[in-house]
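*Asks:* Here is what each chain is made of, one letter per residue.
Number of protein chains: 2
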Amino acid sequence: MSKAKKKELPIILITNDDGVTAPGIIALTEAMIGLGKIVVVAPDKPQSAMGHAITIGQPLRLSKVKGVEGAETYSCSGTPVDCVKLAVDKVLHRKPDICISGINHGANHSINVIYSGTMSAALEASIESIPSIGFSLMDYSIEADFTAAKKIARQLVEFILNGKTLDKHLCLNVNIPAIEEKLIKGIKVCKQAYAKYDEKFDERKDPHGRRYFWLTGIFQNFDKAKDTDVWALKHNYVSVVPVQFDLTNYELKKKLEKNWTL
Amino acid sequence: MSKAKKKELPIILITNDDGVTAPGIIALTEAMIGLGKIVVVAPDKPQSAMGHAITIGQPLRLSKVKGVEGAETYSCSGTPVDCVKLAVDKVLHRKPDICISGINHGANHSINVIYSGTMSAALEASIESIPSIGFSLMDYSIEADFTAAKKIARQLVEFILNGKTLDKHLCLNVNIPAIEEKLIKGIKVCKQAYAKYDEKFDERKDPHGRRYFWLTGIFQNFDKAKDTDVWALKHNYVSVVPVQFDLTNYELKKKLEKNWTL
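Chains as they are written, first to last, in my numbering: chain Z, 1 to 262; chain A, 1 to 262.
Calculated from the structure, these hints are not laboratory results. Each hint can be trusted.
Pairs count within a copy or across copies, as identical chains cannot be separated in the list.
Under the rule of at most 35 Å between Cα atoms (straight-line distance), these lysine-lysine pairs were calculated in the DSBU-like manner:
hint : residue 1 : residue 2
1    : Lys151    : Lys37
2    : Lys200    : Lys95
3    : Lys196    : Lys37
4    : Lys45     : Lys64
5    : Lys185    : Lys226
6    : Lys226    : Lys254
7    : Lys164    : Lys37
8    : Lys151    : Lys254
9    : Lys196    : Lys253
10   : Lys182    : Lys253
11   : Lys234    : Lys185
12   : Lys168    : Lys226
13   : Lys234    : Lys224
14   : Lys258    : Lys196
15   : Lys253    : Lys224
16   : Lys37     : Lys253
17   : Lys226    : Lys164
18   : Lys37     : Lys182
19   : Lys168    : Lys224
20   : Lys182    : Lys258
21   : Lys151    : Lys226
22   : Lys258    : Lys185
Only chain Z is shown next, with the shape it has when bound in the complex:
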C-alpha cells in the first residue's frame, strides 16, 4: 500500500441498538479491524424496537469508553438514529465511508425492518448519503455464536468499500441464519417479506390491583414468494434486502390520481 493510500484509510462508523457493550457490536467491531479507521458510537443502554426515534425534547450525552482494541468507542445516551447523527457532526466531523449497524441479537427480516433500531440507524446513514449495512443474527442469546456472521460482515463491507457506487443511498438489511457456518448455502438478494407478528397483549394486575399490558406475539408469514428474506433464511441462505426511505406508494399514487373525486 502506498503512503498516499495509507493517509486515505476509509472511516467505518459502527453502531447498534443492543447497546455499546453487547456481544454483537463487539463481534462486528472485531470483524472490521484492518479495514480502516474504526469508530464506534452506540447507545449506553438497550434500544431495541426504537424504530427511527430521535431525541428532540432532551439533550444527549456522549462519553468515550473502552471498547475493542483498535477502535475508538463512544457511549451515547440517545437512540440508534441519534448515535449516527451525533457521530457525524460531533465525533467524525465528516461523513464516514460506510456505516454499519449490529450485529443485532435476533432477526430483522420482513416487517421488523420498520421497528428495528439497528436497521433505522443504517437507514439514517443512507438518508445522509452514507452507504450502510445492518447485520442481524437470528439468535437472541447473549451467548450467540457470531463466527459466521463476522466473516459475512467483513466480506460485505469489503465489497461495498472496494466496489463501484451502486446507489448513493445504498442501505442493505442483512440477516444471518443461526446455523453452523458450513451449513450456510450462500447469500441471496431478497425483497422484504410481508410477514409480521400476530400481536396480543398479556393482561396482568399489579400488586395494587391496577391493570397493565405486556406485548407478546406469534410470527406469521403471509408471503408465499420465493424471493423474500423469510424464504431465504428458512432455506439456510443469508438474506440481503436493499432498503430505501422513500415510502411513497407509487402504485396507489397512480390509482388515487385517477379516482380522486374531491
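Fit chain A to the given chain Z structure using the hints.
*Replies:* Using the frame of chain Z, we list chain A on its own:
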C-alpha cells in the same frame, strides 16, 4: 338511514403523537362526530419524533379519560404505535374501519414521515390492513387554527369510508398548509420529496462542566420535482402522499443481482 345500517356504524380509531390532550387531536375528534363510533387511544405525554418505536421492555398502562363529548377516550403510557396495537387488541377487540392520526402540530412532509410518531401510528394501522390517514398542520403553535384542517379531515375520512377499497394497506400522509381556508387551492396527490434537515448539534456545558448536545437543524429541499409534497405545500395545496411499508429498494435489488460477486 335504515335500522340495519344504524347497527353497522363504522368504528373510527383516533390517535396522535402530541398526546391525548393536544388541541390537534381534540380538533380531529370533533371533526369526526357523526361519522361513526369514535374511539380515541392516544399517548399520555408528547411522543413526537418517536418514529415506529414500540415498547417491549416494560408494561403499558391504559386509562379511560374525559375527552371530546361523543367519543370514548383512553390515555396510554406507550408510543403512538403502541396505542394502535393496544386499541385493536384491548379496547376495540376488532379492527376499526379506519384509523386516523393527528392533527399533528407541525409538518410531516418529505423525510419527516420516517421520524413522525403521527405517521408511524397510521402506518402501523395499514400494516394491520386497516385503512389509515395521518393529518398534519404546518403550524407548531399550541394556538394553531384547525378550522380548515378539520374540514379536510372530515372530507377525506368520508371519501375513504364511502369509497371502494383502493388498497388493502391504504395509508395517506396528509399535510395542510397553515393559511386561511379560502387561500387553499385544493388537494394534490404527491410523492415524498427528498428534503430533510441539515442537522447540527448545539454543544453546551451543564452547571458541572460536562458537555451535552441539543439537536437543531435547517430544512433543505434537494428535490426539484413538481409532484412532491414540499412543492404542493409551498404552492398552497394540501399534499396527500400514499405511503407504504415495503422498504425494499427494487431498483437496487435488480442491480445487486446483476453485480453480485460474492
